[in-house]
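Turn these sequences into a full structure, and let the hints steer you where they fit.
Residue numbers (our numbering), protein chains in the order written: chain F, 1 to 315; chain D, 1 to 510.
Because the hints were derived from the structure by calculation, they are not lab data.
Everything numeric in this text was worked out from a predicted model, so none of it was measured.
Every residue, glycine too, gets a C-beta built ideally from N, C-alpha and C.
Some hints could be false.
[As the list claims (entries may be wrong)] Heads up, incomplete: computed chain F residues facing chain D, CB under 8 angstroms, no partners named: (1) 74; (2) 83; (3) 169; (4) 173.
[To be verified] Taking lysine-lysine pairs in the DSBU-like style, the calculated list, with each CA pair at most 30 angstroms apart, reads: (5) 46/D - 45/F; (6) 238/D - 63/F; (7) 125/D - 72/F; (8) 126/D - 64/F; (9) 227/D - 18/D; (10) 109/F - 227/D.
[To be verified] Calculated from the model, a selection of chain F residues having no Cβ within reach of chain D, i.e. all distances over 10 angstroms: (11) 55; (12) 79; (13) 250; (14) 269; (15) 300.
Below, each chain spelled out in residue letters.
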Amino acid sequence: MIKYDHVAKTYTDEPVIKDVSFTVNQGELVVLVGPSGSGKTTLLKMFNRLTVPTNGNVYYQEKKIKDYDLQKLRLATGYVLQDSSLFPNLNIQDNIAIQLEQQGLNKEKRHQRARELLAAVDLDPATYATRMPDELSGGEQQRVGIIRALAAKPAVILMDEPFSALDPVVRKQLQDLVLKLQKQTQTTIMFVTHDMHEALRLGTKVAVLKSGVLQQVGTPQEIINHPATDFVRQFFRGHGFHFSLGDLLTDGLGQVIPDEKLNLKVATCQKVEDLLTFCRDHDDRQFVVKCDQQSYLVDRQSVWDYLIRREEERA
Amino acid sequence: MLNTIVDTFHSQSDAILKATQQHITISLISLLIAMAIAIPLAILLKDHQKIAEGCLQVAGIIQTIPSLAILGLLIPLVGIGTVPAIIALVLYAIMPIFQNTYAGLTDIPTNLEEAATAFGLTKWKKLQRLELPLAMPMILSGIRISLVMIIGTATLAALIGGGGLGTFILTGIQSNNNADVIIGAVLSAALAFFFSWLLKFISQNGRRFKVSLGIIAVFLVGLGGTKLYQAVRPAPTKVVIAGKMGSEPDILIHMYKDLIKEADPHAEVTLKPNFGGTTFLFKALQSGQIDIYPEFTGTVNQQIIKSKVKTGSNPQKTYQLAKDQLAKRYQMRYLKPMKYQNGYALAVSSQFAKEHQITTMSQLANYNDEITAGFDPDFYQLHDGYPGLKKPYGYHFKDIKTMAPSIRYKAIANNRVNVVDGYTTDPQIPQYGLVMLKDDKHFFPPYQGAPLMKESFAKKNPRIVRALNKLAGKITTEDMQEMNYEVTVKKKSAAKVAHHYLVSHHLLDK
Chain F
1 MIKYDHVAKT YTDEPVIKDV SFTVNQGELV VLVGPSGSGK TTLLKMFNRL
51 TVPTNGNVYY QEKKIKDYDL QKLRLATGYV LQDSSLFPNL NIQDNIAIQL
101 EQQGLNKEKR HQRARELLAA VDLDPATYAT RMPDELSGGE QQRVGIIRAL
151 AAKPAVILMD EPFSALDPVV RKQLQDLVLK LQKQTQTTIM FVTHDMHEAL
201 RLGTKVAVLK SGVLQQVGTP QEIINHPATD FVRQFFRGHG FHFSLGDLLT
251 DGLGQVIPDE KLNLKVATCQ KVEDLLTFCR DHDDRQFVVK CDQQSYLVDR
301 QSVWDYLIRR EEERA
Chain D
1 MLNTIVDTFH SQSDAILKAT QQHITISLIS LLIAMAIAIP LAILLKDHQK
51 IAEGCLQVAG IIQTIPSLAI LGLLIPLVGI GTVPAIIALV LYAIMPIFQN
101 TYAGLTDIPT NLEEAATAFG LTKWKKLQRL ELPLAMPMIL SGIRISLVMI
151 IGTATLAALI GGGGLGTFIL TGIQSNNNAD VIIGAVLSAA LAFFFSWLLK
201 FISQNGRRFK VSLGIIAVFL VGLGGTKLYQ AVRPAPTKVV IAGKMGSEPD
251 ILIHMYKDLI KEADPHAEVT LKPNFGGTTF LFKALQSGQI DIYPEFTGTV
301 NQQIIKSKVK TGSNPQKTYQ LAKDQLAKRY QMRYLKPMKY QNGYALAVSS
351 QFAKEHQITT MSQLANYNDE ITAGFDPDFY QLHDGYPGLK KPYGYHFKDI
401 KTMAPSIRYK AIANNRVNVV DGYTTDPQIP QYGLVMLKDD KHFFPPYQGA
451 PLMKESFAKK NPRIVRALNK LAGKITTEDM QEMNYEVTVK KKSAAKVAHH
501 YLVSHHLLDK
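Below you can see the structure in the form of structure tokens.
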């Protein structure tokens with residue numbers, strides 16, 4: 001449905017996007033993730049032509065983005081910004097309905113739609129519709145920011161680090177909200193974040209970027225289990241993710257031993273799940289794990305410690 | 001002092017009200033025009049930083065030109081009266097409004113601009129729903145700055161016959177009447193305060209703002225309607241009579257008005273007293289801004305036709321020369337002069353006269369080194385003023401200060417100078433006990449007053465010519481001195497004094 005085809009962008013001799021290609025299918029929630037300066041926002045804004053590629057093309061439904069009528073394209077695209085960016089001079093329902101207003105929908109219908117959307121995200125229309133943005137908390141404002149993007153029932157919604165300024169609890173609520181709304185509406189969403197937890201949690205597909213180069217595109221499982229480059233591995237590991245059992249064991253969960261260690265049970269494992277299954281089924285305090293033609297001595301206790309630590313980090 | 005002010009308020013309440021109305025009208029019209037130019041301009045230029053900064057600089061430069069100079073520069077282009085006053089005020093008011101509007105519009109947070117763009121809002125929609133509302137506080141403060149400035153500067157409109165409260169300040173300074181100055185100044189300050197507050201009040205909430213926009217719309221429609229009505233209704237004879245600064249021309253033009261009204265009761269006569277100096281009035285007459293003004297024969301020869309012919313002290317010859325040259329060179333008709341002569345004179349304080357025993361202008365040359373003179377700038381420069389006097393009388397005074405006519409009398413009264421120039425009919429000469437020196441070498445040409453108008457106007461309005469000729473040979477120097485005294489010192493209105501003279505001398509029935 002959306003296709004980035006050998007896209008590149010250069011600002012005064014400084015390449016920010018280098019030859020990026022990937023596709024987004026109908027109903028997918030694609031997360032563009034990478035450190036700051038990796039070009040993920042630039043890539044996102046190419047869809048609604050806030051930036052224009054210097055090379056290559058973006059296609060939407062087989063047609064080049066640059067051939068679309070700009071205003072029509074933007075009116076049919078939802079957009080959520082980092083801070084909610086509500087217009088401070090308009091009340092909540094006028095904010096939500098701003099695209100509908102531009103489309104020429106009458107006031108009554110606009111406000112009706114705004115109120116429906118408010119109710120759908122648990123904001124009581126009776127109290128919220130006529131409030132001004134500065135009377136709402138940050139989380140509530142961004143909630144409104146999200147439904148503002150939904151108001152015109154767009155086929156595509158772009159979200160540019162929408163939750164990065166919110167505290168973890170609110171962030172999680174809003175992530176859930178996005179997942180729920182996406183499931184209900186089957187809208188195609190492109191979502192930019194620098195937070196890999198968020199990327200893995202939300203994305204049906206994750207695209208990892210570094211310095212304008214696309215490192216890997218895949219499902220969260222693929223990315224965790226088969227990082228395509230060192231950068232991807234480092235990027236996720238540095239934040240508490242280990243994708244391969246081999247790395248995990250080498251990194252301190254196990255201790256490398258020669259093959260002929262005696263009197264201990266041997267577990268032959270491919271994935272973290274295999275190790276967990278073994279631990280579940282056996283009570284031994286110590287055992288040998290064989291993985292990628294290497295033997296490791298593993299304490300049962302450290303496996304549980306690892307699991308507990310990971311859960312803490314995820315919460 | 002306070003009593004004088006209260007009295008003036010009572011006796012001149014109509015004039016004060018009218019001046020205030022004029023002041024408000026001029027100010028508000030200027031403000032609306034300035035807004036109509038500055039705000040759209042700022043909107044157009046908000047995405048063109050370089051051009052906008054260029055405009056800001058141009059507007060800034062205009063701002064630094066003294067308002068008096070702008071008024072002067074505008075006279076040859078658009079003449080005198082309300083129009084150039086409004087143009088000057090608009091030029092001044094554009095800068096703050098433009099600057100603030102531009103700053104407000106370019107200061108919109110980038111994320112909001114980006115959101116609006118990304119939602120596909122048109123430029124107009126963006127302006128209407130985001131940019132203008134956010135810039136509004138800035139725009140309004142710009143408007144307030146301009147308004148306060150306009151109301152203050154509008155007092156200068158009086159200088160070029162634009163009317164308003166400045167008229168009081170100006171005539172007050174001319175006639176040395178502090179009550180008038182204070183009334184003009186205080187009222188214009190009060191207006192500035194009031195409108196500044198009003199603007200703040202209406203901008204505090206949306207409803208007040210909308211209501212006031214409605215009122216402005218009604219005001220504009222009303223204004224347009226009146227102008228239209230004036231344009232379509234049958235025009236009566238319209239006569240605009242102007243006079244120079246001071247009480248004497250003021251009295252004369254009121255006499256003209258009374259006489260014309262008697263001859264043609266339907267004529268619409270507009271008086272513009274204290275309208276300006278000779279060159280200014282003559283230009284106004286040429287360009288048709290005014291129809292009649294009283295001018296002196298001597299002044300015509302010296303300043304308008306700049307004659308080199310020496311007419312000596314013969315009043316008839318002087319008048320004839322002036323009349324012929326005006327007709328030949330400028331197609332003007334100069335009606336018959338009145339009796340009194342209002343020539344230049346030199347006056348000294350009575351103390352100085354007594355001390356040195358002087359009564360004539362020749363004697364003054366013996367005391368060149370002791371003399372500090374206070375002269376009108378005109379007198380200081382003209383042939384028939386000081387430069388001309390030097391040779392025949394052998395003058396080379398130690399020090400000469402040039403100052404406005406009313407101020408030089410104050411200066412001599414306070415012993416700041418010991419010789420001043422003056423006119424023979426000036427009431428200050430008896431008022432301050434000054435001694436007028438005899439022109440024993442007959443240097444000063446005779447100055448007789450007579451109405452001056454275009455030949456075309458005279459031909460078209462024979463009734464007016466006949467009416468004004470009634471004054472020919474009337475009014476003695478003593479009559480004029482007395483009338484000047486009544487107006488300047490006793491603060492009677494020029495209209496009453498003029499009317500009284502006409503009636504008591506049977507020039508008018510009632």
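Going through the hints against the structure:
1. 74: 3 angstroms, holds
2. 83: 6 angstroms, holds
3. 169: 24 angstroms, violated
4. 173: 22 angstroms, violated
5. 46/D - 45/F: Between residue 46/D and residue 45/F the Cα gap is close to 24 angstroms, so the pair holds against 30 angstroms.
6. 238/D - 63/F: Not OK: residue 238/D and residue 63/F at ~74 angstroms, beyond 30 angstroms, violated.
7. 125/D - 72/F: Between residue 125/D and residue 72/F the Cα gap is close to 15 angstroms, so the pair holds against 30 angstroms.
8. 126/D - 64/F: Between residue 126/D and residue 64/F the Cα gap is close to 27 angstroms, so the pair holds against 30 angstroms.
9. 227/D - 18/D: Judged against 30 angstroms, a Cα distance of about 18 angstroms means the pair holds.
10. 109/F - 227/D: Violated, at about 46 angstroms.
11. 55: Fine: 23 angstroms to the nearest Cβ keeps residue 55/F off the interface.
12. 79: Per Cβ check, residue 79/F is inside 10 angstroms of chain D; nearest 4 angstroms; violated.
13. 250: 45 angstroms, holds
14. 269: 48 angstroms, holds
15. 300: It holds; residue 300/F is separated from chain D by about 52 angstroms at its closest Cβ, greater than 10 angstroms.
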